[in-house]
Amino acid sequence: MLSLRVPPTSFNFRRFHAGALERRWRLGRDSLLYFSHRRGTGLLGVRSAKSEMAPFTAAEEETLPEGLQRELMPKHVAVIMDGNGRWAKNKGLQPWDGHRAGVEALREIVELCGKWGIQVLTVFAFSTDNWIRPKIEIDFLLSLFERTLKSELETLAKNNVRISIIGDSSKLPKSLLKVINEVEEVTKNNTRLQLIVAVGYSGKYDVLQACRGIAQRVKDGEIKVEEIDERLIEQELETNCTEFPYPDLLIRTSGELRVSNFLLWQLAYTELFFAQELWPDFGRSGFIEALMSFQQRQRRFGGRKS
Amino acid sequence: MSGGVSQLLEQIHMFSRRCLFRVISMGPLPIHLAFIMDGNRRYAKKLGLEDGSGHKAGFSALMTMLQYCYELGIKYVTIYAFSIDNFRRKPEEVQSLMDLMLVKIKSLLDKESIVHEYGIRVYFIGNLGLLSDQVRAAAEEVMKATAENCRVVLLVCVAYNSTDEIVQAVKRSCMNNKADRDGERRIQLVDIEENMQMSVAPEPDILIRSSGETRLSNFLLWQTGSSQLFSPGALWPEIGLRHLVWAILNFQRSHSYLEKRKKQF
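Read top to bottom, the protein sequences are chains D and H. So the first sequence is numbered by the numbering used here: it starts at 7 and just counts up by one. So the second sequence is numbered by the numbering used here: it starts at 417 and just counts up by one.
No lab work stands behind these hints: they were computed from the structure. The reader is advised that the hints may include incorrect statements.
Taking lysine-lysine and the DSS-like style, the derived pairs with C-alpha atoms no more than 30 Å apart in a straight line are [stated by the list, open to error]:
| hint | chain 1 | residue 1 | chain 2 | residue 2 |
| --- | --- | --- | --- | --- |
| 1 | D | K177 | D | K156 |
| 2 | H | K520 | H | K461 |
| 3 | H | K587 | D | K210 |
| 4 | D | K225 | H | K587 |
| 5 | H | K594 | D | K225 |
| 6 | H | K676 | D | K141 |
| 7 | H | K587 | D | K177 |
| 8 | H | K594 | D | K210 |
| 9 | D | K194 | D | K180 |
| 10 | D | K194 | D | K177 |
| 11 | H | K676 | D | K210 |
| 12 | H | K676 | D | K95 |
| 13 | H | K676 | D | K97 |
| 14 | H | K522 | H | K461 |
| 15 | D | K210 | H | K491 |
| 16 | D | K230 | D | K210 |
| 17 | H | K491 | H | K520 |
| 18 | D | K230 | H | K587 |
| 19 | D | K177 | H | K594 |
| 20 | H | K594 | D | K230 |
| 21 | H | K676 | D | K177 |
Sample of chain D residues lacking proximity to chain H, with all beta carbon distances greater than 12 Å (derived) [said to hold, decoys possible]:
| hint | residue |
| --- | --- |
| 22 | L147 |
| 23 | E152 |
| 24 | E160 |
| 25 | P179 |
| 26 | N187 |
| 27 | S291 |
Where is the CB? At the ideal position from N, CA and C, for every residue including glycine.
Build out the structure end to end from the sequences listed, making use of the hints.
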């Protein structure tokens, strides 16, 4: 039985201040999220249908939808969760509503990955390029991330999900770093699904930090320059936290046809799937379509199919 | 008589193409196009031709594409000619590809070749030590002979892997860092970038992979972070003007959206 050493204070109701606006957050057991704008534009309630992931166990492993084959399921799926802002704009909502809807969509995908035997799911939460966004939005995103981690920790631990965070942590607030360390520590022995969240991450940053690590080892005399090879770089990349660092499938939503500097090295042979839907709308059906497309592809890795 | 008709049709085709290019040039044009020329063997199989002819047809498709790029004024073109992974194919196929490459590389030295006609500077990017001495020598001769050209730059990736390119760049960065007297200085992104073989060109605006496969296959991983990816279903020898125009129009559409987003922040 896994004992959760999560201090009770971290589940307190919090008030979040951001500049001239006051936002009041309440994360209650009845799973309603409220967002009230101080200037009195009214209460905007966003009910999350399932703020807690439905528990799943090996015995309840869902049979795959028709058309999908278990032996062809990708081991590692990576997702660029693009389109939250546009989704909110289309609905006449604020960007933060889009991000919250994005968290709901992510819950659904994490659940499906756990049920369908996908072993690693990497999501691009926040890129190094995103630091140029307005401070209000950044503060909101990081605080949303912190709150989601805290509130989901128990469920994830129960469902045998391991969480790893990759990215440049130097710019992240201390409170978030504390939560991250806690969550990683508590879930480190879980084996069903590994959820890797890329925060403050970019592919070039990952290669750069690997290069710095290697340069230090060369300076210390541990390795010679001639010994530097692909395997060594692979070991130094932040995806060394998993047994399967190379995604089999990368999904990007919102119709953008680019990789945006996500997981550079690791995408060498990854099958790319570009979905038209915006991330909050990308649910089970979008995921099935991506998996079906993946299963139909012929992967040759530079060789030839005989 | 038929010769005159076909010549006339060719003139009309060229004229209408020039008009089309003039219209497209009203919008932003990509500076650098990269191509993964996939599907040559499937093309030969589809037409019931012998194995080698798929690659020959692929080469003519490449020449046509280069001509269009030149007419449009696109400055840099990169092609994925041969991957390090391709050495794992059957020895006969590898050998026939090497032979074809040797012939085609040597033909670039001819006075009438497209290289001199369009003022193309050619670079061969990759682990050239893996090639046979003949092919490597021919490649180096072409690079030297075209060093003064400046109208268009053609980068031919042969015996290339993006991960291999990154490993070489990391090695050089570590060597420089070790030799650096100022021991406190950390390696920066520019140090790695200037040691990449592809640093002679800016990052590609569009990456086009033929034959419908949507993956990078270890090509320009470092450089295509912001590139628009386009994967038409046509096999490489079937690639034509319409695919290029479609790719550029899509680029123009997303280019304006990206510029707007950049201005927002």
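Hint check results:
{"no.": "1", "hint": "D:K177 - D:K156", "in the structure": "20 Å, holds"}
{"no.": "2", "hint": "H:K520 - H:K461", "in the structure": "22 Å, holds"}
{"no.": "3", "hint": "H:K587 - D:K210", "in the structure": "16 Å, holds"}
{"no.": "4", "hint": "D:K225 - H:K587", "in the structure": "13 Å, holds"}
{"no.": "5", "hint": "H:K594 - D:K225", "in the structure": "6 Å, holds"}
{"no.": "6", "hint": "H:K676 - D:K141", "in the structure": "19 Å, holds"}
{"no.": "7", "hint": "H:K587 - D:K177", "in the structure": "28 Å, holds"}
{"no.": "8", "hint": "H:K594 - D:K210", "in the structure": "21 Å, holds"}
{"no.": "9", "hint": "D:K194 - D:K180", "in the structure": "21 Å, holds"}
{"no.": "10", "hint": "D:K194 - D:K177", "in the structure": "24 Å, holds"}
{"no.": "11", "hint": "H:K676 - D:K210", "in the structure": "25 Å, holds"}
{"no.": "12", "hint": "H:K676 - D:K95", "in the structure": "15 Å, holds"}
{"no.": "13", "hint": "H:K676 - D:K97", "in the structure": "20 Å, holds"}
{"no.": "14", "hint": "H:K522 - H:K461", "in the structure": "28 Å, holds"}
{"no.": "15", "hint": "D:K210 - H:K491", "in the structure": "25 Å, holds"}
{"no.": "16", "hint": "D:K230 - D:K210", "in the structure": "23 Å, holds"}
{"no.": "17", "hint": "H:K491 - H:K520", "in the structure": "22 Å, holds"}
{"no.": "18", "hint": "D:K230 - H:K587", "in the structure": "10 Å, holds"}
{"no.": "19", "hint": "D:K177 - H:K594", "in the structure": "28 Å, holds"}
{"no.": "20", "hint": "H:K594 - D:K230", "in the structure": "11 Å, holds"}
{"no.": "21", "hint": "H:K676 - D:K177", "in the structure": "27 Å, holds"}
{"no.": "22", "hint": "L147", "in the structure": "14 Å, holds"}
{"no.": "23", "hint": "E152", "in the structure": "23 Å, holds"}
{"no.": "24", "hint": "E160", "in the structure": "37 Å, holds"}
{"no.": "25", "hint": "P179", "in the structure": "21 Å, holds"}
{"no.": "26", "hint": "N187", "in the structure": "24 Å, holds"}
{"no.": "27", "hint": "S291", "in the structure": "20 Å, holds"}
Comparing the model with each earlier hint shows no violations; every hint is respected.
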